[in-house]
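Number of protein chains: 2
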Amino acid sequence: MLSFKDIKFLLKNKKARDTQGLFVAEGRKLFLEAPKEDVEQVLMSKTFAGMHPEYIGMLKEHTDVIADIEDARFASLTDTKTPQGILTVIRKPHFDLQQTLAGSCPLIMILEDLQDPGNVGTILRTAEAAGVTAVFLTENCADLYSPKATRATMGSIYRVPHFHVSNAPELIEWLQEQCGVTSYAAHLRGTRSYTDCTYRKGSAFVIGNEGNGITDAAAEACGELIRIPMMGQVESLNAAMAAGVLMFEAQRQRRAL
Amino acid sequence: MLSFKDIKFLLKNKKARDTQGLFVAEGRKLFLEAPKEDVEQVLMSKTFAGMHPEYIGMLKEHTDVIADIEDARFASLTDTKTPQGILTVIRKPHFDLQQTLAGSCPLIMILEDLQDPGNVGTILRTAEAAGVTAVFLTENCADLYSPKATRATMGSIYRVPHFHVSNAPELIEWLQEQCGVTSYAAHLRGTRSYTDCTYRKGSAFVIGNEGNGITDAAAEACGELIRIPMMGQVESLNAAMAAGVLMFEAQRQRRAL
Chain F
1 MLSFKDIKFL LKNKKARDTQ GLFVAEGRKL FLEAPKEDVE QVLMSKTFAG MHPEYIGMLK
61 EHTDVIADIE DARFASLTDT KTPQGILTVI RKPHFDLQQT LAGSCPLIMI LEDLQDPGNV
121 GTILRTAEAA GVTAVFLTEN CADLYSPKAT RATMGSIYRV PHFHVSNAPE LIEWLQEQCG
181 VTSYAAHLRG TRSYTDCTYR KGSAFVIGNE GNGITDAAAE ACGELIRIPM MGQVESLNAA
241 MAAGVLMFEA QRQRRAL
Chain S
1 MLSFKDIKFL LKNKKARDTQ GLFVAEGRKL FLEAPKEDVE QVLMSKTFAG MHPEYIGMLK
61 EHTDVIADIE DARFASLTDT KTPQGILTVI RKPHFDLQQT LAGSCPLIMI LEDLQDPGNV
121 GTILRTAEAA GVTAVFLTEN CADLYSPKAT RATMGSIYRV PHFHVSNAPE LIEWLQEQCG
181 VTSYAAHLRG TRSYTDCTYR KGSAFVIGNE GNGITDAAAE ACGELIRIPM MGQVESLNAA
241 MAAGVLMFEA QRQRRAL
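Sequence lines, in order, name chains F and S. Under this note's numbering, think of the first position of the first sequence as 1, with each following residue one higher. Under this note's numbering, think of the first position of the second sequence as 1, with each following residue one higher.
Bear in mind the hints are in silico, worked out from the structure with no lab data behind them. Be aware that a few hints might be false.
Copies of the same chain look alike in the list, so a pair counts if it fits in one copy or across any two.
What the hints assert, rightly or not - Below, computed lysine-lysine pairings styled on DSBU-like, alpha-carbon distance capped at 30 Å:
1. LYS148 - LYS201
2. LYS201 - LYS5
3. LYS201 - LYS8
4. LYS29 - LYS201
5. LYS201 - LYS46
6. LYS12 - LYS201
7. LYS8 - LYS81
8. LYS29 - LYS81
9. LYS201 - LYS14
10. LYS148 - LYS12
11. LYS201 - LYS60
12. LYS29 - LYS8
13. LYS36 - LYS201
14. LYS201 - LYS15
15. LYS201 - LYS81
16. LYS14 - LYS148
17. LYS81 - LYS15
18. LYS36 - LYS8
Values in this document were obtained by computation on a predicted structure and should not be read as measured data.
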């Protein structure tokens, strides 16, 4: 059984999460939607357990459930201002790359060096809604298993196949060669509007770092640089917003088939 | 000239901002894009002023610029983890409702009781990019002039006409009667996909509270309940994301005219 110190460490430290293959999900939704077989341990504050006694039994046969933690001590575990009172320690999900990409016409998101964990998590959530096949994250991306990113996924972290890669350009080339997937990147040099391209065949969108956009190498590897037409004096959309607008345009085109 | 205590109060307290008609914008971008005539006071940390001496002169003729604040003292003013070192006290912008709605075919956002200041700010930013005519906020919305919302606007707060209203249903009816604007709300009871409606005429989108969605009264007042088709097990999109997807779909249709 993990100690409080272990759990605090898992919440704060990416290396600990990577080494142990575990992460800590906060809140009820992430507890309820977690694949039972992957849950390692559950912690509840006294108040939470008192208000939701039904939660205590749910996983008792599968795993260790500690349901009598003093509220103040529980609060000290997390950075959340108003913790819901339940933490779930979970083994990181593993997805099969070949199986994931086996279907026809995949729709793929490539996140290159995104810095904001909220953006990374929100993109996973939106990707599930838009029917995205897989999300790839470069190794310089904010950690999807950090508490903030995990919360922002609203449970999609369990269901959207996601994979880590060292860099975007090699992935873009590999997707083109192995799967016939064309990669598109929203870019200042892009000339065609994103609504003028067709995403009905296998397609990938590359989303770049919040401050710097996508790297030159990734832009060069892409089949097409596109732009999201913007009015006013706006220089760029929020990275998750740009991702959402692109994914739902692809979904719109695919539904219209 | 405002004291440190006054400024702290403006940063933390909505009532103080409402009563005084002032707000405090953090960071360089919001300083540089602020309408000069509305700036009341500028504060810089010693380090910031040393690194950017050109900023000191920019508004000196218009307003009070304090450029010698000890870094630790400056940091104590804000909640930002790594403050950029510049705060701008600004009079809230005022927009003319009649003038704003005078053009044909307005595209309008109605934010009903949104709770997350980051969502409110992000919607303003995205609204500018999507060419939205005006954003309306109900009085139970998170304050657009709070530091978090202001930062998320990335400067759009100065440029996107926005208005406060007591509630959404009356506004929806007023927009229909006075301006011929049809209001659409993404709703669980919605049957038509958002991509099957036409937003080329005057249109408004109602975005509801993050937890509860839009109120029944607002849903009833709307001309049409729509839905954003979602795959997987996702119950809803993030409120700002839903707003962005709808605004850019309207923009796509309008560009195609």
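Right, here's what the structure says about each hint:
1. LYS148 - LYS201: neither (34 Å within a copy, 40 Å between copies)
2. LYS201 - LYS5: This pair counts as neither: shortest intra-copy Cα distance 49 Å, inter-copy 59 Å.
3. LYS201 - LYS8: Neither: 44 Å inside a chain and 54 Å across chains, both beyond 30 Å.
4. LYS29 - LYS201: Result: close neither inside a copy nor across copies, 34 Å intra and 40 Å inter.
5. LYS201 - LYS46: neither (52 Å within a copy, 55 Å between copies)
6. LYS12 - LYS201: neither (40 Å within a copy, 50 Å between copies)
7. LYS8 - LYS81: Both, since 16 Å and 21 Å are each at most 30 Å.
8. LYS29 - LYS81: both (17 Å within a copy, 28 Å between copies)
9. LYS201 - LYS14: neither (36 Å within a copy, 50 Å between copies)
10. LYS148 - LYS12: both (11 Å within a copy, 23 Å between copies)
11. LYS201 - LYS60: So LYS201 and LYS60 fail the 30 Å test inside a copy (46 Å) and across (57 Å) alike.
12. LYS29 - LYS8: Classified as within; 20 Å inside a copy, 36 Å across copies.
13. LYS36 - LYS201: Classified as neither; 36 Å inside a copy, 50 Å across copies.
14. LYS201 - LYS15: neither (38 Å within a copy, 53 Å between copies)
15. LYS201 - LYS81: Classified as neither: same-chain Cα gap 44 Å, cross-chain 44 Å, threshold 30 Å.
16. LYS14 - LYS148: This pair counts as both: shortest intra-copy Cα distance 12 Å, inter-copy 26 Å.
17. LYS81 - LYS15: So LYS81 and LYS15 pass the 30 Å test inside a copy (24 Å) and across (23 Å) alike.
18. LYS36 - LYS8: For LYS36 and LYS8, the Cα distance is within 30 Å only inside one copy (22 Å; across copies 47 Å).
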